[in-house]
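K.L.:
One-letter residues, chain by chain:
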Amino acid sequence: MSNEQLQNYIKELVPEVVFEENTQYLVAVVPTEKIYAITENLKKNASTAFDYMLSLTGVDYPDSYAVVYHLESTKHNHLIVLKAKMDKQNPKIDSVCKVWPAAELQEREVFDFFGVHFNNHPDLRRLFMDEEWQGYPLRKDYKDEINIVEL
Amino acid sequence: MSDSKIQENLQKEDAYYVNMGPQHPSTHGVLRLRVGLQGEKVIHVEPHCGYIHRGIEKMCEKDTYSQIIHLTDRLDYLSANTNNEAVCLLVENALGIEVPERVKIIRTILDELTRLASHQLWWSVMGMDLGALTTFFYGLRDREKILDIFEESTGGRLLPSFNTPGGFMHDIHPNFVPRTKEFLAYFKKKLPEYNRLLTGNVIFQQRTKGIGILSKEDAIAYGVTGPSGRASGFACDVRKHHPYSAYGMVDFKEILYTEGDSFYRYVARMDEMWESMKIIEQLIDRIEDGPYTAKMKPIIKLPAGEYYQRVETTRGEFGVFVISTGDKTPYRMKFRSPNFANLSALDYMSRGFKIADMVAIMSSLDLVIPDIDR
Amino acid sequence: MKEIIQYFSDVFHAVKSLLTGMRVTGYYFFHHKEIVTQEYPENRATLKMFERFKGEVLMPHTESNEHKCTGCGICEMNCPNGSIEILTTFETVDGKKKKIIDKHIYHLSMCTFCGLCVKTCPSDALAFGNDFEHAVFDRQSLTKVLNKPGSTLNKEVKE
Amino acid sequence: MAIDIYDFTGMTSAIHESLSAVLSPAATTIVEMTIIGIVFILFYALVGLFLVYAERKVCAFIQCRLGPRRVGPRGIFQTIADFIKLLMKELLMTKNADKFLFNLAPFIVIIASFMAIGAMPFAKGLHALDFDIGILYVLAVSGIGVIGILLAGWSSNNKYSLIGALRSGAQIVSYELSVGMALMTIIIFAGSMQLSEIVASQANGWWLFKGHIPAIIAFVIFMIASTAETNRGPFDLAEAESELVAGFHTEYSGIKFAFFFLAEYMNMFVVAAFGATVFLGAWMPFHISEMIPYAEYFNMGMDFIPGFIWFFGKTGMLILLMMWFKWTFPRLRIDQLLTLEWKYLLPINLVNIVITAFFVLTGFHF
Amino acid sequence: MESEGLILFFIIGAVLVGAAVAVSSFAPPTSTNPQKAETYECGIPTEGTSWLQFNVGYYLFAILFLIFDVETVFLFPWAVVMREVGMVAFVEILIFLTILGLGLIYAWKKQALKWD
Chain Y
1 MSNEQLQNYI KELVPEVVFE ENTQYLVAVV PTEKIYAITE NLKKNASTAF
51 DYMLSLTGVD YPDSYAVVYH LESTKHNHLI VLKAKMDKQN PKIDSVCKVW
101 PAAELQEREV FDFFGVHFNN HPDLRRLFMD EEWQGYPLRK DYKDEINIVE
151 L
Chain F
1 MSDSKIQENL QKEDAYYVNM GPQHPSTHGV LRLRVGLQGE KVIHVEPHCG
51 YIHRGIEKMC EKDTYSQIIH LTDRLDYLSA NTNNEAVCLL VENALGIEVP
101 ERVKIIRTIL DELTRLASHQ LWWSVMGMDL GALTTFFYGL RDREKILDIF
151 EESTGGRLLP SFNTPGGFMH DIHPNFVPRT KEFLAYFKKK LPEYNRLLTG
201 NVIFQQRTKG IGILSKEDAI AYGVTGPSGR ASGFACDVRK HHPYSAYGMV
251 DFKEILYTEG DSFYRYVARM DEMWESMKII EQLIDRIEDG PYTAKMKPII
301 KLPAGEYYQR VETTRGEFGV FVISTGDKTP YRMKFRSPNF ANLSALDYMS
351 RGFKIADMVA IMSSLDLVIP DIDR
Chain D
1 MKEIIQYFSD VFHAVKSLLT GMRVTGYYFF HHKEIVTQEY PENRATLKMF
51 ERFKGEVLMP HTESNEHKCT GCGICEMNCP NGSIEILTTF ETVDGKKKKI
101 IDKHIYHLSM CTFCGLCVKT CPSDALAFGN DFEHAVFDRQ SLTKVLNKPG
151 STLNKEVKE
Chain A
1 MAIDIYDFTG MTSAIHESLS AVLSPAATTI VEMTIIGIVF ILFYALVGLF
51 LVYAERKVCA FIQCRLGPRR VGPRGIFQTI ADFIKLLMKE LLMTKNADKF
101 LFNLAPFIVI IASFMAIGAM PFAKGLHALD FDIGILYVLA VSGIGVIGIL
151 LAGWSSNNKY SLIGALRSGA QIVSYELSVG MALMTIIIFA GSMQLSEIVA
201 SQANGWWLFK GHIPAIIAFV IFMIASTAET NRGPFDLAEA ESELVAGFHT
251 EYSGIKFAFF FLAEYMNMFV VAAFGATVFL GAWMPFHISE MIPYAEYFNM
301 GMDFIPGFIW FFGKTGMLIL LMMWFKWTFP RLRIDQLLTL EWKYLLPINL
351 VNIVITAFFV LTGFHF
Chain R
1 MESEGLILFF IIGAVLVGAA VAVSSFAPPT STNPQKAETY ECGIPTEGTS
51 WLQFNVGYYL FAILFLIFDV ETVFLFPWAV VMREVGMVAF VEILIFLTIL
101 GLGLIYAWKK QALKWD
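Residue numbers (this note's numbering), protein chains in the order written: chain Y, 1 to 151; chain F, 1 to 374; chain D, 1 to 159; chain A, 1 to 366; chain R, 1 to 116.
By construction, these hints were calculated from the structure, which means they are not laboratory data. Only a predicted model underlies this, so the values are computations on that prediction, with no experimental measurement involved. Worth double-checking, as some hints may not be accurate.
[Claimed, not checked] Selected chain F positions facing chain A (Cβ under 7 Å, derived; list incomplete):
(1) Val-18
(2) Pro-25
(3) Gly-131
[Unchecked claim] List time: in silico EDC-like cross-link candidates among lysine to aspartate or glutamate, alpha-carbon distance up to 16 Å:
(4) Lys-57/A x Glu-34/D
(5) Lys-181/F x Asp-148/F
(6) Lys-253/F x Glu-275/F
(7) Lys-44/Y x Glu-217/F
(8) Lys-119/D x Asp-171/F
Even for Gly, the Cβ is constructed at its ideal location relative to N, Cα and C.
Using the sequences and the hints, build the whole thing.
P.N.:
Below, the structure written as structure tokens:
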């Protein structure tokens, strides 16, 4: 599918979706509460078949936290970027582990660094930091006087 | 709960847990695996990462793009040059800079040399993990020659930090071409020896064939890329499907197998070494005189936006994701590391096999721990 | 019957593959010319590093104890780890106050040999040295002052 | 026939007679025992030190390295330096270990190898323990060593050690059979289990050559099985360092570790010496058939070489072979190890015994 | 010099180890640290007991070994006298080994030799 066809397909699937302009790949900002349904559909549907998740990234935007999914189809060779934004007070999103098992560790990483809570995740614990670690290091407002040395 | 789930939980209760790592000879670094065993049988593997987590992504947020290069060296230290290149390509693409063809060719040659060196080390260590200690020395002996090439041209053996946005730090050494040719001639004689010593060995084959089978669907779902993914039939070679640098100019084969067991992950890497040599041979005579870098501003500022650059490192697809606000430092930088995705499949692959097989599976995945922890 | 033939051919191939491997190792056992290791501390006299080897950052001085560092601070700014600190003083030449280098402090313990300081130096005052034997008992002694005491700025360097 | 120009029988009996001339029989025995004890301790230490050095050199040459070179000329004193270092290391014990068994294990391992070494015929007349069931004795005593390994693994209270110990148990239990059966072919040929008689029966040719194909098969099986019995690579599953860190001796430190290490080498010596005795005629020189012209001169030349040199030469060759195995092959997995024994070595061995018996019956051997 | 020799070798073995351990228990410098007495499990405190129940796979082989080892004991005396007794011994052992071999084949077919 070309980017336009993809755009139309997703627009049909979820009317609320917003597409960013002038981007490298097709970027769709999707409603957070529907992320599981959308991803599942995108994977199962034979005409999209996004079976390969390149990366799952957490981002701390000035106004919101976001999870960015880079998806590729090995069958059709098209690539799409999904973006789900959450408010800063209580970041919560559905886990996509059931769609791509690769997401399990990556979601743990995002939880570890951004404090984004993934619903239905089988084992949501800190991955890199200690279990007792306070705070979420990759947030922009994270302060650590001991370990982060400002040059 | 489904029946299989109950069964699994019962097994977990029955199991006893052994920690492999952080200080263990076969984890090649400081990865901790909590292995649930029943007798010798592995029923559950739980990776615990973070023992060498250095917060590189956080550090990148306050470094300029030229400074980030030296951090990417330290992700997957065995494909340092390729990691450097990923950031450089991202910056060049974002700024719309066309680098000279000479730079592209040299980058590709260095990439393939890195790949060869890394595969040699992997071969050495794979043999060692299976108990054949001699392979370790043979592999390192040959790798030394590549490191010499790197040292002579870039000044660094393992971590060259040679690429910069636009080109290179400085020009390659005049000895680069003859030395590389000499190495190729040498290694073509040594690679069959590897096969005689290890590949054909009946014990080795028994230890790896049919062990840790990963189907194509699972490989894609877990995002297992690189030779490990291609041994399962997952056509994921970025060099082939999204050519960068000079890969569009050369003819090479994407190694694909469908068996997906430890042995074919091994064979895929061995075949890749031949392909790498083929690529270098095609390019080595095409290095012409010319500038070693494109014209760059002293301070690089990426236009605001989000960029993603993928390259093929030795272990799979390496991705750099940058969100720029137009500043000289990135707003957010994320590295999609191949080892992290490969590690996630380890539990699935090693269930039901023996503890010795788990070691074989792990070394056939060729994990580099700093790349996982970042 | 077929199974029995298979059984013995398995044994035969197994033994053959083992002997092939033993031939490789046996070859090296008898050919001592193939030995590649060096006896490191003893071969110091003959050990030669490649000229570009990044062992440490140096500031080359001429015979008349002149260096090229103007104290501009570009290397300090470019260093990703803060391994370089530049302390400047003022010197009065011809009645004009002029900024010159006082101490070019280099923390070898923090250096990652990325080469940015050498590359970006506008007056080529820095270079890489080949020395790699940096082991010391005291971490403090890895902090070095690169400009030698009493050294002056080379006249040829433009401000 | 071997000419007895290097017969030690005279020497030993002379010592015995001169001692009993001045001492009472009981005192004579005690003095003799002391002499034998001191000689064997020295011999044991010397062989141990040499083997460790040899292994390091052999593996270095195989791996394109130089090996130890610093201590003494060509590093020959390296193992002595290592021994002193290990002696000066603190002995550690984990707090959960079974203290008595933990300390007992190195004793058992060393004593087992010591008792086996006593039965080796080093040269004519140099044979400390010559039982009429010599082969059975060596088999039995070398089997005791595994108890030490099992105890060491179990008493450490460490999971790696336990897995290693149990692996070693399964391994020895299996390979003991093959060693015994491989030796049985030679017992059938020689018609005796006394080591001195087996050696004597090889005066005009070693069983490896005299015994035809069955003896060669038995020899190959013996080498494989005994390598496995000594826990050496490629059968070093009990201490598989890539899986179990150090297996059964993970928790041992200092001199206690050194004894496990030493026992492995001494067991290797025992096995090689045993193989040399049974298959290659111990101190019997190499003779060629009288049919070949000038054979008698060649044979006389061979006789001129002292018996103990023959013995140590043969043993050394077998040890080299075992080292060569170790530094070439990857390690087997536990189930493959047992498959090799039960599906390959054991059936082949059973058939081989029948063939041997048939050969002996028909006189179809030299 | 038969049974007393056995005792002798037993004693010298014990003396060698005992002496070395004795020297090593007072000669080296010591330092006390509770960490040193921890069980080694790659730097992580071990979970649960290490004296645990183990897979039955090992025991099956131990039983098989027992069977075959007893047979070997029968074979050794036969092997010694084989040459003297002649044909009778050969036929007898043929029958004996056939039964033994059938037992092995039975175990093989029953997957008893397959490790799980």
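K.L.:
Next step is simple, just say for each hint if it's right about the structure.
P.N.:
Hint check results:
At a threshold of 7 Å, the smallest CB-CB gap from Val-18/F to chain A is about 5 Å, leaving the interface hint in force. The beta carbon of Pro-25/F is positioned within 7 Å of a beta carbon in chain A (closest approach about 5 Å), and the interface hint is therefore held. Against a cut-off of 7 Å between C-beta atoms, the interface hint on Gly-131/F holds, since the closest Cβ of chain A lies about 3 Å away. A C-alpha spacing of about 15 Å is found between Lys-57/A and Glu-34/D, which places the hinted pair at or below 16 Å, so the restraint holds.
Under the criterion of a C-alpha separation no larger than 16 Å, the hint pairing Lys-181/F with Asp-148/F is consistent with the structure, at around 13 Å. Taking the CA atoms of Lys-253/F and Glu-275/F, the gap is about 7 Å. The hint holds against a cut of 16 Å. Simply put, Lys-44/Y and Glu-217/F have alpha-carbon atoms about 13 Å apart, close enough for the 16 Å limit, and the pair holds. Annotation: proposed proximity of Lys-119/D to Asp-171/F holds, straight-line Cα distance about 12 Å (limit 16 Å).
Checked against the numbered hints listed earlier, the structure breaks none of them; every hint is satisfied.
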